[in-house]
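Each protein sequence line maps, in turn, to chains C and L.
Residues in the first sequence are numbered consecutively from 1, following UniProt numbering.
Residues in the second sequence are numbered consecutively from 1, following UniProt numbering.
Hints listed in this document are in silico derivations from the structure and should not be mistaken for laboratory results.
Any given hint could turn out to be false.
What the hints assert, rightly or not - Below, computed lysine-lysine pairings styled on DSSO-like, alpha-carbon distance capped at 30 Å:
1) L:K275 with L:K187
2) L:K275 with C:K2
3) C:K2 with L:K187
Unchecked claim - Restraint-style ranges between C-beta atoms, simulated for each label pair:
4) C:T102 with L:A202: 18 to 28 Å
5) C:V104 with L:I83: 27 to 37 Å
6) L:A202 with C:Q71: 42 to 52 Å
7) L:L113 with C:L276: 10 to 20 Å
All residues carry an ideal CB built from backbone N, CA and C; glycine is no exception.
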Amino acid sequence: MKRTIFSNQLLPWLLLAPQLIITFVFFLWPAGQAVRQSFLREDAFGTRTSFVGLENFARLWSSPEYLNSLQVTAVFAISVTVLSMGLSLLLAIAVDRMIRSTRVYTTLLVWPYAVAPAVAGILWWFIFNPTIGIMPYLLGGLGYDWNHISDKGDAMTLVVIASAWKQISYNFLFFLAGLQAIPASLREAAAIDGAGPVRRFFDITFPLLSPTTFFLLVVNIVYAMFDTFGVIDATTEGGPAQATNIMVYKVYFDGFVGQNLGSSAAQSVVLMGLVLVLTVIQFRYVEKKVAY
Amino acid sequence: MIENRPILNLLAHLTLILGVCIVALPVWVAFVASTHGPTAFMSGTIPMWPGDQMIANYSQMLGAGVSTSGTPPVGVMMLNSMIMALSIAVGKIVISVLSAFAVVYFRFPFRGLAFWCIFITLMLPVEVRIVPTFQVVADLGMLNSYAGLSIPLIASATATFLFRQVFLTIPDELTEAARIDGAGPMKFFRDILLPLSRTNIAALFVILFIYGWNQYLWPLLITTSSDYYTIVAGIKRMADAVDGLPQWHLVMATAMLAMIPPVIVVVAMQRLFVKGLVETEK
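Bound conformation, chain C alone:
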């Protein structure tokens, strides 16, 4: 709280006006429309809309496609988070040992942050291209017939790798900052007491890193659920047979391609609820624990 404030009454509203107008027109109003639409249904010709109560939601919960999408989203989000955080932690621990080369390695590892998810998708799509890609060629040598166009597991693996790759730099930077914030004296004391590197990691480093880990867990789940639209659209488009149709992609697909506005709106409302929960977790639990 500021002690010294200015007394103007009109000026603050003028200052806030651009932000508030944009928020209202492009955020609150559309969100309200989504909530309203989720209670309505249009007939096949789009001529009449009628109030159907919670029927759109009820249909979602009984739709095998939507339940599949929930499951796909969970598998996708967990895989991306685990893969990306695991690799980043390994790299951050290795860089933390370095003295002179820290900066060089950091530079070489942070740039994928700047690559758009859609471009990341295209790059990995090319590497895994069943006819000319380098990975199917190598996997073929091992006797595995890779085809993400027809095989569900291969398609999921592809989008997980592309999404996790892009997120490595982010996780790496936060893990490295977390590691460097741990006082060296603690690890030195443990070393004097005879604890080896592995023991030190599990008894000292990892527990002290847990606020960073928890924070990144939430951020990565949010990323995998909401920011990976580009990866999916540039590669599998939700296929094959719905195997990579994550919730964010399904909202778009049902609304724009399928023109099923009621269902798409109900899905939007479900997603808003999910973001709400994740935001609350982030603000309630993460902020206080990040400081040691």
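Put chain L on the given structure of chain C with help from the hints.
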């Protein structure tokens, strides 16, 4: 480092070199592909070493593009991306710094409500409410325009919070001194607050430029005229079009061009980038 263990150091170096290679692999493959002619992809697997068609491929994409894909030359799309990224970054910073100033330095009725309205944008990412937002923009006649590409994306709770934090750390004595010297609120804002938040603005700019440049779903939906295609959204249209006739060397040249500007920004301004990343997550 706690104790000197040469084997562990070697292991750490090996891990990092392997990690750097894995991280760089897709870009290397894309770069190599972008330097070959179309015949290089007929023979089975893609080559792993650069070819001699680099200049020809890149100049073709920048100047003419792939006419069959319905996308404009890459040069045009890069310009569109640049306009969109700069408008989003500058727009977000301007409206956020103004609203943070209003929230921190004034007391007025419904101040809390205004703050909550801004806060709530955090919970409404564009992907989640895409259909109704598209309708609003269509009703306002903003399809196929730079305003439509940027304005709906420039409300920002994160940036407002960041500036609020920065302003709260600025000592009250400065404000008092400015008032005693007869400075009004806007003079105080311009001559004291803005210069003091210079590095925060720069750090935020780096993050927001990348955010704007990498937008995908939004430009894909609201640009139907190829004059307004951005490169990140255009590349998908190009890849779709070449499915019948593989022109991977041109698609990969476009992918390289799509990532060069934001990657340069991150590498050249690494310090600001890291600062921005850490600050926006507080």
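In rising order, the numbers of the hints this structure does not comply with: Hint check: nothing fails, all pass.
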